[in-house]
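K.L.:
Given next are the chains, with one letter for each unit.
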Amino acid sequence: AQKVTQAQTEISVVEKEDVTLDCVYETRDTTYYLFWYKQPPSGELVFLIRRNSFDEQNEISGRYSWNFQKSTSSFNFTITASQVVDSAVYFCALKGYSGNTPLVFGKGTRLSVIA
Amino acid sequence: GAVVSQHPSRVICKSGTSVKIECRSLDFQATTMFWYRQFPKKSLMLMATSNEGSKATYEQGVEKDKFLINHASLTLSTLTVTSAHPEDSSFYICSARANRGVQPQHFGDGTRLSIL
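Protein sequence lines, in the order shown, are assigned to chains X and P. Each residue of the first sequence is one higher than the one before, starting from 1 at the first, in this note's numbering. Each residue of the second sequence is one higher than the one before, starting from 1 at the first, in this note's numbering.
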């Protein structure tokens, strides 16, 4: 069975602070995909990143960076110099290799960035 | 990029009515679409997998007679909440994946359903 755990339910930071959102996953698949989505108050899901299980290279995109550690089954997400607009719920998700398998979501982390 | 359109974005209706939600892939074909439900401040729970030209696959605990899914074409899946009750009030969101290649799942903007 596949499972995604986001242990942090809510995080509050002051603007310009760095914040890391944790994600730990479980899967029996040897090949799989990991995702992060942002859900602002308006409700839509915004795709942030997809990572293949065989690519452990960390990625940076502007103020966002992701640390994939296969050895610890973690795929953590860091926002550098956080801004108020970063306030949202962030979901980590896992998908099996087969094309028609759905995403399995973590419970989400609600990030509040205070000015 | 690929876009998934979900309509309507918000529905308020009386108990007992049926509500249809549409999910369209606008610039790609999707053999499979997924329907999720999200309770307030909760995660997205998969309800069913919608397969073009065949019956949907429902997750355990989801009533197939309550939540009718039709996937009549490669670009459209519909979810009908039949005889809706207040406990059906929720945020429903669909997703689709392009048939070709390895693509991320694209999500509609969701439908906020409120049953009075």
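Hints in this document: simulated from the structure, not taken from any laboratory. Keep in mind that this is a model prediction, so the values were computed, not measured. Any given hint could be a false lead.
Claimed, not checked - Here are the computed distance ranges between Cβ atoms for each label pair: (1) 70/X / 63/P: 36 to 44 Å; (2) 10/P / 63/X: 25 to 33 Å; (3) 3/P / 69/X: 47 to 55 Å; (4) 100/X / 64/P: 17 to 25 Å; (5) 80/P / 14/X: 18 to 26 Å.
Ideal Cβ positions, reconstructed from N, Cα and C, are used throughout, including at glycine.
K.L.:
Run every hint past the structure and note whether it holds.
P.N.:
Status of each hint after checking the structure:
| no. | hint | verdict |
| --- | --- | --- |
| 1 | 70/X / 63/P: 36 to 44 Å | holds (39 Å) |
| 2 | 10/P / 63/X: 25 to 33 Å | holds (32 Å) |
| 3 | 3/P / 69/X: 47 to 55 Å | violated (33 Å) |
| 4 | 100/X / 64/P: 17 to 25 Å | holds (19 Å) |
| 5 | 80/P / 14/X: 18 to 26 Å | violated (46 Å) |
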